[in-house]
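Asker: For the protein sequence lines, the chains are A and B, in the order given.
Residue numbering for the first sequence is 136 to 282, as defined by this note's numbering.
Residue numbering for the second sequence is 4 to 167, as defined by this note's numbering.
Worth flagging that the hints you see were computed from the coordinates, not collected in a lab.
All C-beta atoms, glycine included, are put in the ideal place defined by N, C-alpha and C.
Restraint ranges, calculated between C-beta atoms of paired labels, are given here:
| no. | chain 1 | residue 1 | chain 2 | residue 2 | range |
| --- | --- | --- | --- | --- | --- |
| 1 | B | 28 | A | 253 | 34 to 44 Å |
| 2 | B | 97 | A | 148 | 23 to 33 Å |
| 3 | B | 13 | A | 253 | 29 to 39 Å |
| 4 | B | 150 | A | 202 | 44 to 54 Å |
| 5 | B | 50 | A | 271 | 45 to 55 Å |
Here are the simulated EDC-like cross-link-like pairs (lysine to aspartate or glutamate), alpha carbons at most 16 Å apart as the crow flies:
| no. | chain 1 | residue 1 | chain 2 | residue 2 |
| --- | --- | --- | --- | --- |
| 6 | A | 138 | B | 5 |
| 7 | A | 173 | B | 89 |
| 8 | B | 82 | A | 174 |
| 9 | A | 149 | A | 197 |
| 10 | A | 158 | B | 101 |
| 11 | A | 138 | B | 36 |
| 12 | A | 242 | B | 16 |
| 13 | A | 138 | B | 67 |
| 14 | A | 173 | A | 251 |
| 15 | B | 8 | B | 67 |
| 16 | A | 200 | A | 163 |
| 17 | A | 278 | B | 155 |
| 18 | A | 158 | B | 94 |
| 19 | A | 200 | A | 144 |
| 20 | A | 203 | A | 170 |
| 21 | B | 82 | A | 246 |
| 22 | A | 158 | B | 106 |
| 23 | B | 50 | B | 5 |
| 24 | A | 200 | A | 162 |
| 25 | A | 173 | B | 76 |
| 26 | B | 82 | A | 244 |
Not close to chain B: a few residues of chain A, all C-beta gaps over 12 Å, as computed:
| no. | residue |
| --- | --- |
| 27 | 148 |
| 28 | 149 |
| 29 | 150 |
| 30 | 186 |
| 31 | 187 |
| 32 | 203 |
| 33 | 205 |
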Amino acid sequence: MGKIADVQEVTLTKLVPYARNAKLHSEEQIREIADSIKEFGFINPILIDKDFNVIAGHGRIEAAKKLKLEAVPCVFIEGLTEEQRRAFILADNKLFELGDWNDINLKTEVEDVSFDFTAFSVDGGGTEENEPREIACPRCGHKVGVA
Amino acid sequence: METLKTSDLHFLENNVRSHPEEQIEALEESIKEFGFINPIVVDENNKVLVGNGRVEAAINVGMETVPAIRVTDLTEDQKRAYIIIENKLIEAGGWNYELLNSEIEAIGLDMTRFGFDKFSGMEIVEGDEIQKTFKNTNQELDFELFDDDNFEFTCENCGFRFNG
Numbered sequence: 136m137g138k139i140a141d142v143q144e145v146t147l148t149k150l151v152p153y154a155r156n157a158k159l160h161s162e163e164q165i166r167e168i169a170d171s172i173k174e175f176g177f178i179n180p181i182l183i184d185k186d187f188n189v190i191a192g193h194g195r196i197e198a199a200k201k202l203k204l205e206a207v208p209c210v211f212i213e214g215l216t217e218e219q220r221r222a223f224i225l226a227d228n229k230l231f232e233l234g235d236w237n238d239i240n241l242k243t244e245v246e247d248v249s250f251d252f253t254a255f256s257v258d259g260g261g262t263e264e265n266e267p268r269e270i271a272c273p274r275c276g277h278k279v280g281v282a
Numbered sequence: 004m005e006t007l008k009t010s011d012l013h014f015l016e017n018n019v020r021s022h023p024e025e026q027i028e029a030l031e032e033s034i035k036e037f038g039f040i041n042p043i044v045v046d047e048n049n050k051v052l053v054g055n056g057r058v059e060a061a062i063n064v065g066m067e068t069v070p071a072i073r074v075t076d077l078t079e080d081q082k083r084a085y086i087i088i089e090n091k092l093i094e095a096g097g098w099n100y101e102l103l104n105s106e107i108e109a110i111g112l113d114m115t116r117f118g119f120d121k122f123s124g125m126e127i128v129e130g131d132e133i134q135k136t137f138k139n140t141n142q143e144l145d146f147e148l149f150d151d152d153n154f155e156f157t158c159e160n161c162g163f164r165f166n167g
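Please put together the full structure from these sequences, using the hints given.
Answerer: And the structure:
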């Protein structure tokens, strides 16, 4: 079982991304992470092992590079086997995906909060599937707009 | 970073995220296997901004403390915006499924404990591969899946029920 050994700022150039990271980060996502760091600060630390191998935070590291930051806050994790480290890199992302959006709360928050969300892909309607679109009935072709 | 008692933490009211039972159980498995290694984010009043599901899982497995990062210099509006944006940004990345499957295969842990489908490889294969996988298998259909209630839309013109 892993545990947190230390927390400190680490120079970006020391960090070693996982070469077989299966999680993808689009240019747009990196840009938005960078905007988020500018707005809120670098809150969520990068997880690394004692050899500076990155366990979580690949996208945030790319964003930090874009912002030309020299160092980022890192949490050193000890006690994970090589296998557990590889598994956690995947699991950390997957576990988030198992959650859902509460669309009602999301919509209320986006409308209520005095904040300009335009730089971010936040539409208040939950996931993209909920954007208004038009679909055709597969039987008769009648078109109807759906929310 | 701080170590905070779970009993001192306040969950978000009106959370924009919801945490189904399946997710909480997978989070519990993750804590048991890897430990609680990813700090949550709290504000000056011990309100959990990011990590509500993980705290719930930690309590379920009997953890009395969790690691936390405290933010103290954000306005209320910034905090509320941060919660939404942070969650949106975590969600935004896709997967390289070829790499994902090769990793899952290579790792000697049961990855279904953390929510991975053992057939996750299905998502990269071409149509004919899917055909191959399911070739000559009989699958029993659950007719309840085809009940009227299980269709998203009803055509205003002809009454046909279908999914988008």
